[in-house]
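Asker: Protein sequences, first through last, are from chains A and B.
Residues in the first sequence are numbered consecutively from 1, following our numbering.
Residues in the second sequence are numbered consecutively from 1, following our numbering.
Treat the hints with care, since some could be wrong.
What the hints assert, rightly or not - Which bits of chain B does chain A cover? Going by a derived footprint, with three or more residues having C-beta under 8 Å, they are:
(1) 2 to 11
(2) 84 to 95
(3) 157 to 163
(4) 190 to 200
Source of the hints: derived by calculation from the structure; they are not laboratory data.
Think of the CB as a built atom: it goes at the ideal place given N, C-alpha and C, for glycine as much as any other residue.
Here is what each chain is made of, one letter per residue.
Number of protein chains: 2
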Amino acid sequence: MSQRVKIKAILSSEKTNYQATVKGWVRTFRNNQFIALNDGSTNNNLQVVVSEQDMDPAEFKRITRGAAISVTGEIIPSLGKGQKLEMKAASLEILGDCDAEAYPIQPQKQSLEFLREIAHLRFRTNTFGAVFRLRHSLAFAVHQFFNEKGFVYLHTPIITASDAEGAGEMFRVTTLDLEKLPRNIDGDIDFKEDFFGRSTNLTVSGQLEGELGAMAFGDIYTFGPTFRAENSNTARHLAEFWMIEPEMAFYDLKDNMDLAEEFIKYVIGYALQHNREDLEFLAQRLADEEKQKPQQERSEMGLIEKLEFVLNNQFERITYTEAIDILKNSKPNKNKKFQYIVEEWGTDLQSEHERYLVEKHFKKPVILTDYPAAIKSFYMKRNDDGKTVRAMDILFPGIGEIVGGSQREENYDKLVERMESMHVPVEELSWYLDTRRFGTAPHAGFGLGFERLVLFVSGMTNIRDVIPFPRTPKNAEF
Amino acid sequence: MSQRVKIKAILSSEKTNYQATVKGWVRTFRNNQFIALNDGSTNNNLQVVVSEQDMDPAEFKRITRGAAISVTGEIIPSLGKGQKLEMKAASLEILGDCDAEAYPIQPQKQSLEFLREIAHLRFRTNTFGAVFRLRHSLAFAVHQFFNEKGFVYLHTPIITASDAEGAGEMFRVTTLDLEKLPRNIDGDIDFKEDFFGRSTNLTVSGQLEGELGAMAFGDIYTFGPTFRAENSNTARHLAEFWMIEPEMAFYDLKDNMDLAEEFIKYVIGYALQHNREDLEFLAQRLADEEKQKPQQERSEMGLIEKLEFVLNNQFERITYTEAIDILKNSKPNKNKKFQYIVEEWGTDLQSEHERYLVEKHFKKPVILTDYPAAIKSFYMKRNDDGKTVRAMDILFPGIGEIVGGSQREENYDKLVERMESMHVPVEELSWYLDTRRFGTAPHAGFGLGFERLVLFVSGMTNIRDVIPFPRTPKNAEF
């Protein structure tokens, strides 16, 4: 038997007239002659031509949709339409049968909702094949970008005793026997008896620990799972998702924005370069889906066009104050088409406002900066105006907030004052404050929700379709 | 002000006589003249020469160990010993003060145990600087290895409703109010009311989900946190650690061993190439530590020598049965020096036995294969002898098991039979069994504990020193 070759390698070469072995799954079997074989290395199938009379009839019958096979044969130029190469099978072995009738993946179009229910098999479809190869490439590009810049990848803890960041509701982690909860002398549950000797949760962010790393390595990033125990059943929220959080010593807000923009463009550029076929497939899928919509709801740009547009244009950078002015004077605000009318400075922006700015007004990604201190986290650096903080949110068309970041307050006294006024426990975070006591330095960072990035680049519309096994309220299947 | 340059870039170039700005932390300040400045990009410091009479006296006093500073000056050839280059400071700004007396990081040698207690600051020492830059490089090498081979990085779920793998004790994840646990009609805790509508835990392995991916993409890998709620207070165990789990369709046990060996050699080779300075520092640290030991307990090889030895020698591959024969006839077994005397085939190997094989008998990494079925997991493929399974464990000197893997049982009937005999819930894992119902194929995979790899490559001896913020029984600090 000749050496096994992946189908991607065969199809991406012009070479013909050589012997090879391929292994994969039958996608279709046409005219008792043409097998479309897929091995997951690419969405494109290798056409394998078999001859019924050369085969054992019992074996031949087992060539069904979904079956795993191994084929050895000659790679030759194809006379048929749709492919340059094909394999003429010399020998074929059935590795695993598939009852095509019972097989949940069927040849006709199946809804994304249905495929979500069989997430253990949906990787075998063209759509999810493309989505998860793309997800892989984006993840690799993240690591390559930061590695090339000399950032240290820091694994911040998943289980945490700190709940100080206040980024959201948390999941408890415990080994206590719920039927026999230990009690202390006051009758309260005694978390000293719990595994870690205290009450612990799943992390909502690695930022605070990331800052500890930045104050030693200069530049660090995290890329790991984070959690929100929020009862949000939307197409944009997951209870478990992956986040990337770079943190940089000696960066101010502008450096932070520059890095975030460069980073996003790098990973999108990487995908355009390395996953062209997957993106072309997903672009077609999106175009087909949009045909079902009324004209005015359709996107102005195709998927690839949209990605190239982001790559080739500067993100718009405006302050929160400027955004409020634009929104106040906007048509939907004046005509009371917004659900939340923008009236005064200081109000938090709603998703409809962000979408207006990005999709209608600027028609490109927007970085909003210098938000009112009152609506932002305690660790953000106060501007000299006393009212605003050096925050930045990056808003993307169709996605909303994809990045949230800020320059951090590096001054010990100002930080403690702010923590106290916001009732953040100063004692409990003494380790965090130590960075401001010993060689503090200006620094900044941001967080990017990885699934939102994959959503944007893939053109998918539900976040549950861009993570292998989504965790959402009442759902932890597989 | 000239552009900020990282110290690693300055020191790794021969270039002199140019203006630059550096930012970092003062490691030492000698003779009121020589600052050793570190910015985390390398363990090596840049010597910055300052002149007291050119500076404001108040500012000058603030140049203390641990302070963050920004310096602009000329990079010139150094006349002093120990460095080729130095910076002649033209202007110096204090960014953050550090009270050198109060600073927990002191210039004299501090114990690893003490530094573990101040894990938020230990990154600022030479030892932990080197360890965590090395950890970064190993992590990047992992991604690069698999990316180059066309593997898909699959993010398997962290929160899981499945507890079927039985790899160890699990942590419960819940949002139930422990003071008001909901009860069903039978009086049991009603997990239908919990966040996910069922009882959930933190994952112990992504393997089963990884197999789902392999049956579509061919080759996948995971790299994420896994958890064990075991009360193991040893230098080898963590409650939260990172694991790499590749899973490959169409691989048999030999392919699996070949990949694992190639993989380990690749990442070690990457570190030797990219982290030479860090490794040299750690080698010296280890050599100094070993000097404290009696002669016969010292390693035969230095750290770098040991890594090169692993790189340049084939791992020994023997079956469990062969290993039992070697152990039975070994001196420590005959002289009853083992705590657990090896008497009969079928017994599980203890750490002392593994160490004997690796450190005394073969003196190199060993791959043990074909273990008795009774001591291995349900999903491992049975050999034709009916007694053994196609398992492999890779044993490393000083570390013990670094990899555990196997060829998987791809036959539906055999797998179900085995699950039933081992009381693994067949119903609950129907999604897993679907891979064997629809186009099953031979496949294999393994898991590598990332911290054990970092431990081996860094020459550190306690696993708590190679993860930023270790989680162990009664400890979830930071």
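Asker: Give a verdict on every hint.
Answerer: To see whether the hints hold, each was checked on the structure:
| no. | hint | result |
| --- | --- | --- |
| 1 | 2 to 11 | holds (count 3) |
| 2 | 84 to 95 | violated (count 1) |
| 3 | 157 to 163 | holds (count 6) |
| 4 | 190 to 200 | holds (count 5) |
In the structure shown, a violation is registered for the earlier hint numbered 2 alone.
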